[in-house]
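The primary structure of each chain is shown beneath.
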Amino acid sequence: MRKSKLSEYKMIQHLERCKGCGFCISQCPSDALYLSESVNSKGYPVAKIDEGKCTKCAICYTVCPDYVFERVKGA
Amino acid sequence: MVEKRIPQLLVEDNKFCPGCGHGNINRVVAEVLEEMGLADTTVGSLAVGCACLMMDTFGVDWIQAPHGRAAAVGVGVKRVRPECCVFTYQGDGDSLAIGLSETLYAAIRNENITAIIVNNGIFGMTGGQMAPTTLSGQRTTTSPKGRDVSITGQPLNIVNQCRQLPIGYLARGSVASAKDINKLKKYIRAAFETQMSGGGYSLVEVLSPCPTNWKMSLEKSLEHIENDVKPIYPLGEFIKKGEKTDA
Amino acid sequence: MLSITCAGFGGQGVLTAGLILAHISMIEGKRITWVPSYGSEMRGGTASCRLRIGDSEILNPFFTTMGALVAMNHDAVTRFEHSVVKNGLVISNSTMVKDHAFRGDIRVVEVPATDIAASLKNPRGANITMLGATIAATRLFPVETFADGIDAYFAKKGRNNPLNRECFLRGAAAVAEV
Amino acid sequence: MPLQLMKGNHALSEAAVRAGCRFFGGYPITPQSEIPEYLSARLPQSGGIFLQAESELAGINMVYGAAAAGFRAMTSSSGPGFSLLQEGISYIASAELPAVIVDVQRYGSGLGDISQAQSDYFQATKGGGHGDYKCIVFAPASVQESADLVVEAFDKAEEYRNPCIILSDASIAQMVEPVLLPEERGIDPDKAWAVRGKHGGEFKRVTSTMYYIEDFDAYIKNKYDTMAHNEQRWESVHTEDADVVLVAYGISSRICKEAVSEARAQGIRLGLIRPITLWPFPVNAFSGLEHVKAFMTVELSALPRLDEDVKLACEMRVPVRHFLGGVSIPDSSVITEAAIAILKEQR
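As you go down the protein sequences, you meet chains A, L, U and H in turn. Under the numbering used here, the first residue of the first sequence carries the number 1, and numbering increases by one thereafter. Under the numbering used here, the first residue of the second sequence carries the number 1001, and numbering increases by one thereafter. Under the numbering used here, the first residue of the third sequence carries the number 2001, and numbering increases by one thereafter. Under the numbering used here, the first residue of the fourth sequence carries the number 3001, and numbering increases by one thereafter.
One thing to keep in mind: the hints can contain errors.
Claimed, not checked - Residues from chain A that keep clear of chain L, each with C-beta distances beyond 12 angstroms, as calculated: (1) Gly22; (2) Glu37; (3) Ala75.
Stated by the list, open to error - For lysine-lysine, the following PhoX-like pairs were computed, each having C-alpha atoms within a straight-line distance of at most 20 angstroms: (4) A:Lys10 to L:Lys1004; (5) H:Lys3191 to H:Lys3204; (6) A:Lys42 to L:Lys1015; (7) L:Lys1004 to A:Lys73; (8) L:Lys1004 to A:Lys53.
These are computed hints drawn from the structure, not numbers from a lab. Quick caveat: nothing in here was measured; it's all calculated off a predicted structure. Beta carbons are placed, not taken as given, at the ideal position from N, Cα and C, and that holds for glycine.
With the hints as extra help, turn the sequences into a complete structure.
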């Protein structure tokens, strides 16, 4: 995987969908996810991405039961 | 690298509890139907239980069957509209307790439909009662001291029940890890491919966590699947293209 | 309107005889009903059917007394003879029903139907032979008309057998002889 | 098309196919088994599907699926099997789908007996399954009506998107009469509401329509009120001057017709109301009958069923008596005598 390609993608999050289950956190190979202090309108603490650590591998997309994560084109 | 977009079939946020595996399974099924170009010709049959929450959030034509009868309803659709992709989506209580007859007879007749059975070891929506798949010794709201198999019989292994039948495809997957989910997607794709090529009945059982009714954190739930559930319900593909595998 | 019961052993073709009678009656413009013995009526291996044949709407397909009884065996006579109306008719298969003292207030036509059918090498034609006697005795239809109807009935079923007509005519002739 | 001699069950089955039925899912039980037997050969000839189900439960739910997919679908059963169909009938009614269900009644509760009977009246007319629904219930009294009413049942089922029941019995099912069969119709499965994949449109959800209809209570009440108002069918025989009016449907109405004819010959003014629809019950048949001194229901059952609806229909202005044939077919003269006894009692 070439670095230049990686930069063409970004991870986006639909935090309103997050139920704070933590599946993404347990599965992230880069330890780039953490349960934040912030709470969404449903009242769940939401998982957030540490951009510095994220490799955009999108395992979070794969494991999230609530469709919070997407990897899309764009800087 | 490619985009990872939430499938358009998931028209609304799901209504499952935090950590529920149904969300993963929904997304995998949606991805497969879209990738195979089946979104517009699919009819789903679901019955009663948490599965029926999909009716508002998953954008295919649906029929809601009486409890246990999704397979019979799906068969009714498929027989008159063989061009449609027809699948059932049910929990273990629904498909294997009240609906075991309908489930097994769809398999016995090798009906050209796809069955997705979510095994979380309990009745979810009604509050965590014992299901056919509940493990020996497992506490539920109707087996408060743990399932006593001398009274209830052994947990029901639908894969073993179906393995001797002349069906097209049979697999058991899991949503307990990213690796499992990736494999599950292959199984579900193979199941729908079996149907669309006229290969007969396909069934995928999916081990799935129910942190709410198991009264466990998701982390503990995943450990429970790994350590306690998988040894009883091993993963793999058991029938492919009508042939038994070595699994 | 005529009420007729056909009765005999299962296998003697009593239901078929009734159906042929019903069919030809329908073709000849009559109103008909045909009801098989059924449920708790089916006892001891005796089969029966009841017909009503008339010119206006058949109200009730059931009846307890009948104008004619077509009895293929002894059991049929013992079971139904008492239900035949006064001056009614009993067609009795005398090959099977022997030494029976019939009521005095009914007309009895005894036809050795099983023997006749056997002599014509059409052993399954005893029921048709009985039909011949029935048509001749009741004068429901001209004998020749009904014989043509029998040919047409079996031809439609793809198993025309000229011996059936023969049986029928011999049954009808037996009445004339009586 | 000439008259044909057919058994009730066969005429019903043939007429169903000609009415466009293309799916049957069901389970054998006497005395309706000629229906699946006939359709197992006939449906495939017309491009339809016959499926012998593993149970009545599966059968009715296959019908539910085929009906949801837009096809005219039916099942048939008797007594014990009819009980098992009720769950599915309630779902089909709740999802507002058309379907035709045949109950060839047999005698008794539990296993009972295969003899003809009229014991399932309440189950058919008062909603044998759970919840707020009704089925139009047609009661054929002849082989001809077995054919005609099944066509009507499919049409009405589709018009109202509601299951219709044919409530027959072993006598009507097993007897043979001449019948003029209906013309063969085409089929029209691609209805707007039929599930067949969304094909670029909105996805469809077949479930209790209560989830999607505003003011559902009023909507569903109005639906069944409309059916009750528009769909009453009956035959009146000499009611215009009758002192006693018999009320009977199906096979017992045939016996009663004979009783009326015999009584009239004796100068006794007997009449008959023969409901052809049992739900809606033909209450309109009872208007203008102020001269009637008593009603007498005639049924082949051990307990009275029909008399409740007759009491409601005549608003209890005059006595309503019942005559029960039980497991056996009564002679028409016995019915006439019972009616005469009621008449004497009224003097």
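Exercise. Which numbered conditions among the earlier hints are violated in the structure presented, ordered from lowest to highest?
Worked result: 1
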